[in-house]
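S.K.: Residue strings, one per chain:
4 protein chains.
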Amino acid sequence: MARLAANSYGKSEVRLTKVVRNPDRHDLIEYSVNIQLRGEFAASYLTGDNTSVLPTDTMKNTVYGLAAQNEFDSPEAFAMILAEHFMSRNPQVSEAEIRIAQTRWNRIKVAGKRHPHAFVDCGPEKRTCAVRKTRSSLSVGSGIDNLIVLKTTDSAFKGFPRDPFTTLVETDDRIFATSVQANWEYGDTSGDWNQRHDEVRTAIVETFATHMSLAVQQTLYAMGEAALAACKSVRQISFRLPNQHRIPFNLEPLGLKNTNSIFVTTSEPYGDISGTVVRD
Amino acid sequence: MARLAANSYGKSEVRLTKVVRNPDRHDLIEYSVNIQLRGEFAASYLTGDNTSVLPTDTMKNTVYGLAAQNEFDSPEAFAMILAEHFMSRNPQVSEAEIRIAQTRWNRIKVAGKRHPHAFVDCGPEKRTCAVRKTRSSLSVGSGIDNLIVLKTTDSAFKGFPRDPFTTLVETDDRIFATSVQANWEYGDTSGDWNQRHDEVRTAIVETFATHMSLAVQQTLYAMGEAALAACKSVRQISFRLPNQHRIPFNLEPLGLKNTNSIFVTTSEPYGDISGTVVRD
Amino acid sequence: MARLAANSYGKSEVRLTKVVRNPDRHDLIEYSVNIQLRGEFAASYLTGDNTSVLPTDTMKNTVYGLAAQNEFDSPEAFAMILAEHFMSRNPQVSEAEIRIAQTRWNRIKVAGKRHPHAFVDCGPEKRTCAVRKTRSSLSVGSGIDNLIVLKTTDSAFKGFPRDPFTTLVETDDRIFATSVQANWEYGDTSGDWNQRHDEVRTAIVETFATHMSLAVQQTLYAMGEAALAACKSVRQISFRLPNQHRIPFNLEPLGLKNTNSIFVTTSEPYGDISGTVVRD
Amino acid sequence: MARLAANSYGKSEVRLTKVVRNPDRHDLIEYSVNIQLRGEFAASYLTGDNTSVLPTDTMKNTVYGLAAQNEFDSPEAFAMILAEHFMSRNPQVSEAEIRIAQTRWNRIKVAGKRHPHAFVDCGPEKRTCAVRKTRSSLSVGSGIDNLIVLKTTDSAFKGFPRDPFTTLVETDDRIFATSVQANWEYGDTSGDWNQRHDEVRTAIVETFATHMSLAVQQTLYAMGEAALAACKSVRQISFRLPNQHRIPFNLEPLGLKNTNSIFVTTSEPYGDISGTVVRD
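Protein chains in written order, with numbering that gives the first Met the number 0: chain A, 0 to 279; chain B, 0 to 279; chain C, 0 to 279; chain D, 0 to 279.
Bear in mind the hints are in silico, worked out from the structure with no lab data behind them.
The reader is advised that the hints may include incorrect statements.
Put simply, identical chains are the same to the list, so a pair is met inside one copy or across any two.
Stated by the list, open to error - Calculated cross-link-like contacts (lysine-lysine; reagent style DSS-like; alpha-carbon spacing at most 25 Å):
id : residue 1 : residue 2
1  : 125       : 108
2  : 108       : 256
3  : 157       : 112
4  : 231       : 108
5  : 157       : 256
I would like the entire structure built from these sequences, with the hints used as guidance.
M.R.: Pasting the structure below:
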C-alpha cells in the first residue's frame, strides 16, 4: 500500500573553524557545512538494515578530517573536495549535495593597520555555496544570505491596481530596505571563486544603491542583469528580496507633520519578492 | 542578454487573531498567513510598470477583511477562501499559493474545568497547510512543524558501514529525539480538515512512541505508513526529521560510570533525515 | 588609577539530560544549568594568575558528574547539591549562584494511556530556580519563564490620563495576552519543591483566567496575592508581564465593521509591566 | 497579608527610523527605545485605578513625536530628551529610565565612494545607552552589545587548580573569541557622546587585539583600564564576556594530527566572565 519515494539524509550545521598560520598573518576560515546524500538507502527505511548508511557522525568527522588534510581558499573548493570524497568512496550514493555558509570576519584595525591575527565579526551576511555531484554531473553555485541594505530615497511604488481592500497610498519617495538572498549557478566547475563572488556581490550592492527603483521587482531584475554582466561565468541568478518595511508614522493625531522623516521599523508582515534572471 | 525566468511575489507572516464569541465559550484562531502569486508580472520586473501588481499591502488587508466576512473552522478552509479570492479577481494571476501556520492553544483549566475564554500556549508545534490554485487545478496539503518528541529507549543504530573517519560506536539503546516536520497532500479538496489532521498527527505520534526503531529512517517510513493507513484521503506524506541529539557524556575521566543515563543535549551539528511515503 | 570592583565568572547553558530507568517507566530530566562563582579571583584579572580559578570546563564536568552520582527530583534539589559542592571544595569562593531552567515534557498518550518512555515537548514555558549560597547564608527561589497566556475578554483599560500625544481609545473589552515571567523567594531552604511550584503556578494561571482585569498591573498584583495565599513558604514574588498585543484591525477603510473579533498580532513594541508582591 | 514592593512599567522595543535629509547626504538613525517609569502607581496595582497610568501606547507615540520635533545626533541625547519629557509632565513619576540600542549602518561604497543615501547593515553589534532621571539626579551611561571578536593566538589558559572532575588541558595557545557586552557610566551629563563612544570602543577593540592574554579575566581588566585611560569622562565600566569557544577537534582517532588548526565551533555551554573596573 505504501512506497518510499524521494529520500535523502545527511548532517547539517557542522561548524568548522580552521586557522591557517602564515608567517606574516593568520587566515581564519569559518564554515557551517551541510551534507545531504541520496541513493540506495531504501533498506534502512523499509527494514532498518543500515548496511549502506554511512553514519552522519562519520560525515561530521569527514568535514574536520578533510579540512585538516587539504588546503583550500574558498567554500566552493572545500565543498567540491567533500562531494568528491563521498561519491568516490560510497558506490551506493547517487548524489552528494554540499552546502556551506561562511561567516565573514574583518581584521581588526589597530592604529589604522589591519591586525595579523585579530578579527571582528562583520555582520549577519553569509557567503554561501552549493555543490551537487552525481555519477554523471557536477554543478557549482554560490550565493549570499542576509545581506541587509537600505536606501532612504530613489524608490517609488505607484500605478498599481486598486480593489475594495486597497488602502495603500501611492508614493514617489519611500525607504527601500531588504535582506538580499541571492543564489547563482555557474556554467563551469572551475575558476577563481573568490573573484567571481566579489564581482557578483559588488554588482548587486552597487545596483541596489544607484538604481532608480519603481518597484522591488524592477530592482531585482536590474541586480540580476548587473550580476550577469559583471561575471561571465554566471548562467543564472535567483533572488528573494523580503521587504524590511519602514512605515511612515502618522503624526497628524499628535498635531505634527511627518516630512517623510519619521518611520516605524517593522518585522512582519513583509512583502516577499522573488525572481530568476537567466543569461539568454 | 538577460531574461526573466520564474517570478513570484506576495506577503509573508500576516498574523491574524480572530475571536469567535459563542454564547458558552470563545474560540481563538491564530494564523500566520503567507501569500504568493505567480502570473503576468514581467512588466514590473522589466520596466517598473505596476499596472498588474496587486500591492502586498492589499493582500494583508485581504487577510483581515476575509477573516471578518467569513466563517471558517480550519486553516485549510481559510486558505481556500483566500486562494479563490485572489484568482477570481486578478486575471493576471496564474497561480495563488496560500500557506498558513496555526498557533495551538489549550484552554486553561480552572479547578479541573476548561475555561471558556482563557488559553495557554501549548508549545512550539504548529499546524500548517498549503493550498495551491491555478486556472485548472486546486491542491490542498496539510502539515506539522516543530513537533518535538523524545523516547528514552527502543531506538538502536548499528550495522552501519565504517570507513577510516568512522568513530561512532554501535548502540542497541539510545535516546531518539527529533523535531518532526511533516507535510502531506490530500487526494481531494474537501473533507473534515480537522479530523484528518488529528488522524495523521495521532498516527505520527503514536508510531513514534511505539515503534522499535533500528534507524531514524525506519521510523520515518513507519510513521508514513501509519499516516496513510489512518487517513484514507492522504495520497503522500513527506517528513524531515532533524535529530536532536543526546550524546552520552564520557564519565570515565571523572572516575565514574555512565549507565546510559547521563547525556549532553546538543543543538548542532545534527543528523537530518528526509523521506516521502506515497500511497501505492 | 583603575580598580577591580565586582567580579563573577562561571559556565552558562550546561545542558543536561538524565534518564532515570524505573522498572515501570522512565523519568526524563532536562536542565540547562548556569553557574556563577564570586570570591577571591582578583589575581586572575590583575596579573593572569589562575591559581584560584577553577576552570569553567570543570564546572561543566561537575554538572554531569554530580548528576550521575546523585538522585534528585527537582531542579532546586540539584542546584543545592551543586552549590554545596563548589562552596565546600573551593575556599576562595565566597558565593555560588546556581540557576537552572527545566524543559517541560509531557508523556505521549497512546490509545489514551500515558506512555512509559515517550515524551512530547509541551511548550516554551520553563520551570526555573535560583540557589545562592555564601559562607553564611543559603537562599532558594523558583520561577517560571515564558508561560504564554491569553484571555479574550474580562480585560479593560480605561480612566488613564491623556496628554497631547495620547491616541489610545479607552476599552471595556480587550484581549489580554502576556508571557509570564515570575520569580519567587522561599522563606526556608527545604520542602517539597515540586508541590510548591505546582501551587504557585496554579495560582498564577487560575488567577489570570478568572480575574476581571482593569489593568495588567492589577492582574499582576492579584496573581501575586494568590501565589502568597496558595504557598505559605513563599515570602515574595516578582513578575514581569510583557504584553503580547492584539490590536483591533481597522476594517472601516475596507467598508467592513470590526465587532471586536479581528486583531493584528504584533511582537513589538510591547507594554512591559513589572512588580513585586511581598508577604506582610 | 500582601504588599506591593517595587513596581515599574513602560514600553519596550519601540523601533524608530529617522531620516535626516541633508543637501549632500542623508543620515540614517535607527533606534530601539525602551522606556520604564517608576513612581506613584500603586492604585493601578491595588484597585485598577489608572488615573495616574500614562498609557504605554502614549509612550510609543512620544518616541515618534519627540523624534520629529527635535534634532539629535546620538542616542544619549535623544534618551535625555525623552527622560526630561516624561519627568516634567508627569508629577507622579519618580524615575524615568530610557535605554536605547542603535543599529549600525555603513554607507555602501560605489566605485570606492561612500554613497549619500544607501546603506549596508554592519553587523550584530549595537551601540547602547541608558539614561536615568529622578527628581534629584541624572545619570548617563553608554555601552556596546554583541561586539563579536576573535583572535587566533596570544591567548593562554594555564596554572589553574585541578580537582577530580578537571579534564581540561593547559594551553599556551588557544583561540579567544567572545561577544563583548560593555556598559559604562559617565561622571558628567554632557559632552560629545559620539566621540566618547568611539574612544571607549577603540580602546576595547585594540586592547583585545594586542593584549597577551593569560585569562579572559585579565583581558577584561586590561580593556577596562584602557577604556578609563582613553576617555576621562568614564568613571566605571562593566563587562560581560561570554566565551564563544573553539574546541580543538580530536583528529587522532582519524589517524591525523591537529596542528592547532582545526576547531569545532560551539554555542553552548560557554564560559561567562564578568567584571567591573572603576576609576580610583
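S.K.: All hints are to be evaluated individually against the structure, with a verdict given for each.
M.R.: Status of each hint after checking the structure:
no.	hint	result
1	125 / 108	both (22 Å within a copy, 19 Å between copies)
2	108 / 256	neither (43 Å within a copy, 33 Å between copies)
3	157 / 112	neither (48 Å within a copy, 31 Å between copies)
4	231 / 108	between (34 Å within a copy, 23 Å between copies)
5	157 / 256	within (22 Å within a copy, 28 Å between copies)
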